[in-house]
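Protein chains: 2
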Amino acid sequence: MELISVNDAHDIIDHQRRDFGVERIPTVAALGRTLAEDVRADRDLPPFDRVTMDGIAICFKKARLSEAFHLQATQAAGEPPCILQSADQCIEVMTGAVLPVGTDTVVPYEWLQIESQLVHILTPAKVIESQNIHFKGKDARQHDLLIKMDTPVTASVIQVLAAVGKRDVLVYKLPKVILLSTGDELVDIADVPKDYQIRRSSNYALVAQLQQYGINTVQKHLVDEETIIQQAIADALQAYDIVLLTGGVSKGKFDFIPFALEQAGVQNLFHGVRQRPGKPFWFGVHPAGALVFAFPGNPVSTQLCVQRYLLPWLQAHVGRKPVVMRYAKLREEVTFEPALDYFLQVTLATDDQGQTWATPCRGNGSGDFANLIHADAFLALPAAQSAFKTGDVFPYWLIHS
Amino acid sequence: MELISVNDAHDIIDHQRRDFGVERIPTVAALGRTLAEDVRADRDLPPFDRVTMDGIAICFKKARLSEAFHLQATQAAGEPPCILQSADQCIEVMTGAVLPVGTDTVVPYEWLQIESQLVHILTPAKVIESQNIHFKGKDARQHDLLIKMDTPVTASVIQVLAAVGKRDVLVYKLPKVILLSTGDELVDIADVPKDYQIRRSSNYALVAQLQQYGINTVQKHLVDEETIIQQAIADALQAYDIVLLTGGVSKGKFDFIPFALEQAGVQNLFHGVRQRPGKPFWFGVHPAGALVFAFPGNPVSTQLCVQRYLLPWLQAHVGRKPVVMRYAKLREEVTFEPALDYFLQVTLATDDQGQTWATPCRGNGSGDFANLIHADAFLALPAAQSAFKTGDVFPYWLIHS
Numbered sequence: 065m066e067l068i069s070v071n072d073a074h075d076i077i078d079h080q081r082r083d084f085g086v087e088r089i090p091t092v093a094a095l096g097r098t099l100a101e102d103v104r105a106d107r108d109l110p111p112f113d114r115v116t117m118d119g120i121a122i123c124f125k126k127a128r129l130s131e132a133f134h135l136q137a138t139q140a141a142g143e144p145p146c147i148l149q150s151a152d153q154c155i156e157v158m159t160g161a162v163l164p165v166g167t168d169t170v171v172p173y174e175w176l177q178i179e180s181q182l183v184h185i186l187t188p189a190k191v192i193e194s195q196n197i198h199f200k201g202k203d204a205r206q207h208d209l210l211i212k213m214d215t216p217v218t219a220s221v222i223q224v225l226a227a228v229g230k231r232d233v234l235v236y237k238l239p240k241v242i243l244l245s246t247g248d249e250l251v252d253i254a255d256v257p258k259d260y261q262i263r264r265s266s267n268y269a270l271v272a273q274l275q276q277y278g279i280n281t282v283q284k285h286l287v288d289e290e291t292i293i294q295q296a297i298a299d300a301l302q303a304y305d306i307v308l309l310t311g312g313v314s315k316g317k318f319d320f321i322p323f324a325l326e327q328a329g330v331q332n333l334f335h336g337v338r339q340r341p342g343k344p345f346w347f348g349v350h351p352a353g354a355l356v357f358a359f360p361g362n363p364v365s366t367q368l369c370v371q372r373y374l375l376p377w378l379q380a381h382v383g384r385k386p387v388v389m390r391y392a393k394l395r396e397e398v399t400f401e402p403a404l405d406y407f408l409q410v411t412l413a414t415d416d417q418g419q420t421w422a423t424p425c426r427g428n429g430s431g432d433f434a435n436l437i438h439a440d441a442f443l444a445l446p447a448a449q450s451a452f453k454t455g456d457v458f459p460y461w462l463i464h465s
Numbered sequence: 065m066e067l068i069s070v071n072d073a074h075d076i077i078d079h080q081r082r083d084f085g086v087e088r089i090p091t092v093a094a095l096g097r098t099l100a101e102d103v104r105a106d107r108d109l110p111p112f113d114r115v116t117m118d119g120i121a122i123c124f125k126k127a128r129l130s131e132a133f134h135l136q137a138t139q140a141a142g143e144p145p146c147i148l149q150s151a152d153q154c155i156e157v158m159t160g161a162v163l164p165v166g167t168d169t170v171v172p173y174e175w176l177q178i179e180s181q182l183v184h185i186l187t188p189a190k191v192i193e194s195q196n197i198h199f200k201g202k203d204a205r206q207h208d209l210l211i212k213m214d215t216p217v218t219a220s221v222i223q224v225l226a227a228v229g230k231r232d233v234l235v236y237k238l239p240k241v242i243l244l245s246t247g248d249e250l251v252d253i254a255d256v257p258k259d260y261q262i263r264r265s266s267n268y269a270l271v272a273q274l275q276q277y278g279i280n281t282v283q284k285h286l287v288d289e290e291t292i293i294q295q296a297i298a299d300a301l302q303a304y305d306i307v308l309l310t311g312g313v314s315k316g317k318f319d320f321i322p323f324a325l326e327q328a329g330v331q332n333l334f335h336g337v338r339q340r341p342g343k344p345f346w347f348g349v350h351p352a353g354a355l356v357f358a359f360p361g362n363p364v365s366t367q368l369c370v371q372r373y374l375l376p377w378l379q380a381h382v383g384r385k386p387v388v389m390r391y392a393k394l395r396e397e398v399t400f401e402p403a404l405d406y407f408l409q410v411t412l413a414t415d416d417q418g419q420t421w422a423t424p425c426r427g428n429g430s431g432d433f434a435n436l437i438h439a440d441a442f443l444a445l446p447a448a449q450s451a452f453k454t455g456d457v458f459p460y461w462l463i464h465s
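Protein sequences appear in the order of chains X and Z. The opening residue of the first sequence carries number 65 in our numbering; numbering runs sequentially from there. The opening residue of the second sequence carries number 65 in our numbering; numbering runs sequentially from there.
Since the hints were derived computationally from the structure, they do not count as laboratory data. Since we're looking at a predicted model, the values are computed, not measured. Misleading hints may appear alongside valid ones.
Any copy will do: because identical chains look the same in the list, a pair fits if it lies in one copy or spans two.
[Said to hold, decoys possible] Using 16 Å as the maximum straight-line C-alpha spacing, the simulated EDC-like pairs for lysine to aspartate or glutamate come out as follows:
| id | residue 1 | residue 2 |
| --- | --- | --- |
| 1 | 258 | 108 |
| 2 | 343 | 72 |
| 3 | 200 | 432 |
| 4 | 237 | 101 |
| 5 | 317 | 214 |
| 6 | 240 | 83 |
| 7 | 385 | 193 |
| 8 | 258 | 106 |
| 9 | 315 | 174 |
| 10 | 200 | 440 |
| 11 | 317 | 299 |
| 12 | 385 | 397 |
| 13 | 393 | 415 |
| 14 | 202 | 432 |
| 15 | 393 | 416 |
| 16 | 317 | 143 |
| 17 | 125 | 305 |
| 18 | 200 | 259 |
| 19 | 343 | 143 |
| 20 | 212 | 106 |
| 21 | 258 | 143 |
| 22 | 343 | 415 |
| 23 | 212 | 396 |
| 24 | 343 | 174 |
| 25 | 202 | 326 |
| 26 | 343 | 66 |
Work the whole structure out from these sequences, hints included.
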């Protein structure tokens with residue numbers, strides 16, 4: 065199969081839309097999820113004329129500000145409103161309290177002299193009618209839309225949900241994801257590898273990345289044996305929305321994955337992208353709906369494919385938001401000859417003018433996973449160029465921890 | 065007590081250093097934590113000369129590239145190394161396999177013509193000695209430092225931990241945090257508030273923010289009664305590293321918090337910061353070690369204090385990294401007269417040159433928490449100025465979801 069361009073690969077994946085449904089969950093457990101319902105004000109916001117400073121409430125319209133006020137009562141937060149008896153009286157008010165009936169203005173303690181039950185305003189000329197009151201309905205009216213569905217649930221969103229009394233909230237369901245890793249050279253984290261073996265590690269990175277979307281990825285390691293791989297793939301396609309594979313997609317003799325996937329009825333939409341790293345990336349769909357991302361075995365290649373293709377797709381589905389393109393200026397010259405899009409590992413820094421800069425931190429190729437610790441992003445250098453100058457601007461793809 | 069500047073408040077808090085100790089936890093549960101040990105290579109990386117392309121391995125030094133090679137054997141990944149019998153032979157090799165003994169170069173399938181057991185190299189002139197091999201120790205030598213202690217555990221770090229066989233890892237312990245909210249006007253999320261009451265909401269936002277540091281915050285709501293507040297504070301100071309309070313720190317009659325804290329032996333280090341929002345912010349330390357952050361009751365004020373003071377402190381302790389200052393250009397003119405640092409709610413956007421811009425999205429004051437949903441950050445406009453022009457650059461504090 066022909067190699068395709070990075071943009072075509074992106075579009076083919078982006079074109080695959082899935083609906084995983086919705087579920088109602090406790091608001092306190094909703095951080096990081098995405099709203100599947102509009103959130104409206106259950107009453108006005110604020111729900112009453114709310115005092116915003118500690119001091120006294122008076123009736124500005126009728127009062128004589130230069131004369132003393134008699135302290136009539138104290139209006140605490142959380143208590144029903146007092147009623148002002150006459151314009152020469154005042155009510156002591158606390159922040160958060162309802163404005164007493166018959167008053168229209170709050171004068172803070174700092175402007176007052178209080179002696180026994182008599183209150184003098186020290187600076188009567190400064191007092192402005194209606195000051196220090198957050199009026200009923202100023203922020204929103206009852207039934208107003210406060211948060212649109214498809215909004216990600218942040219701490220601020222949880223605050224609003226709590227304020228309008230939503231103990232539970234409707235969010236989009238997360239896809240069910242399984243990760244099948246292959247490669248007979250790979251042993252478990254707890255094993256001591258032989259000289260020609262290494263430990264599995266890409267799978268742990270992948271699981272951690274999906275964990276940040278709230279997804280609990282099931283993982284299985286498969287020995288490089290055709291029948292075992294075929295059975296595992298067939299099972300996975302039945303039970304999961306997304307099947308991730310690592311390894312076994314290049315042209316080696318024991319790279320059964322593409323064959324096994326096609327045997328299982330998965331339609332291959334591309335195999336091979338004009339990019340480095342991650343050229344052998346394989347993508348397909350099963351008629352029953354599952355998406356299959358088969359990543360190369362090299363850890364850096366897998367990482368690039370995850371950041372460039374899988375997470376943007378998840379972002380569009382789980383996060384309900386297209387990925388926002390971000391750009392940085394190259395801090396030093398780079399040369400890359402092959403006719404491939406080159407995803408260069410970079411660190412990012414923003415200067416004191418708000419300008420983002422990308423500094424290359426190359427590793428030793430796609431096997432050098434230790435280098436990924438230092439990189440913040442992959443800078444996307446297009447295939448059409450081979451020399452990239454300091455100060456040139458390119459899009460980047462954050463390496464989501 | 066005198067109001068202090070934002071920088072002084074920051075420095076006073078920053079000066080309070082605490083050591084919460086370390087703990088060993090499973091690597092797969094370590095995402096978001098911070099390493100409390102150096103991570104070294106348990107053996108060379110790669111641990112063997114590793115084939116990086118599927119094809120054939122030959123002995124470049126002795127072979128005649130223009131002549132046919134006899135296919136001697138197949139070297140799969142995960143198998144002990146074959147031994148090349150003679151220079152006119154070759155061994156078929158798979159990506160990830162150990163390089164066969166006696167070979168020094170890998171020629172990929174794309175450059176080959178294979179017929180029965182005879183292999184011709186189509187482009188012998190292109191072959192370079194040592195190509196397509198990731199040599200033993202190229203990325204790191206055994207015992208080399210791979211990751212320094214104090215590094216945050218990202219997916220890439222988990223990958224390295226897995227690769228070197230660390231099933232468990234030493235990380236810094238998280239502080240124990242309790243949140244005491246006060247305010248008799250506040251009712252529970254599940255309750256229907258009376259006309260002059262509102263539901264608690266700031267506490268849910270705070271808990272969600274700390275959740276992102278892996279901290280499970282205990283929360284309690286207290287009625288505005290002196291003895292109850294005093295007992296709760298005394299209990300909290302014994303059992304927790306950080307005591308957060310919301311409400312009750314301004315000058316109102318029922319603002320018992322500052323008095324109750326001092327009664328409990330907490331030393332007040334400041335009360336009141338020259339900033340809007342969040343002016344009444346109170347901070348102190350208990351002789352036994354606990355830090356006390358008492359935030360104003362207004363939700364936006366609490367948010368500002370959390371983002372500007374609490375999270376940077378946590379970042380320095382839990383994350384072991386000082387906060388990196390970030391800057392953005394103001395997209396439109398802003399005027400702010402009071403002699404206070406003004407933390408303006410803004411949305412952030414980066415243009416296609418990598419320049420970050422801040423667009424004001426003001427709300428209706430510090431009670432308007434619904435507006436926080438739209439803001440990405442607080443832009444810090446200094447007290448010394450009152451007019452802020454389009455294109456001027458200021459630091460910002462991200463509103464961590």
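(message) Need the list of violated hint numbers for this structure, in ascending order.
(response) Checked against the structure, the hints that fail are numbers 5, 7, 10, 11, 12, 17, 19, 22, 23, 25, while the rest are satisfied.
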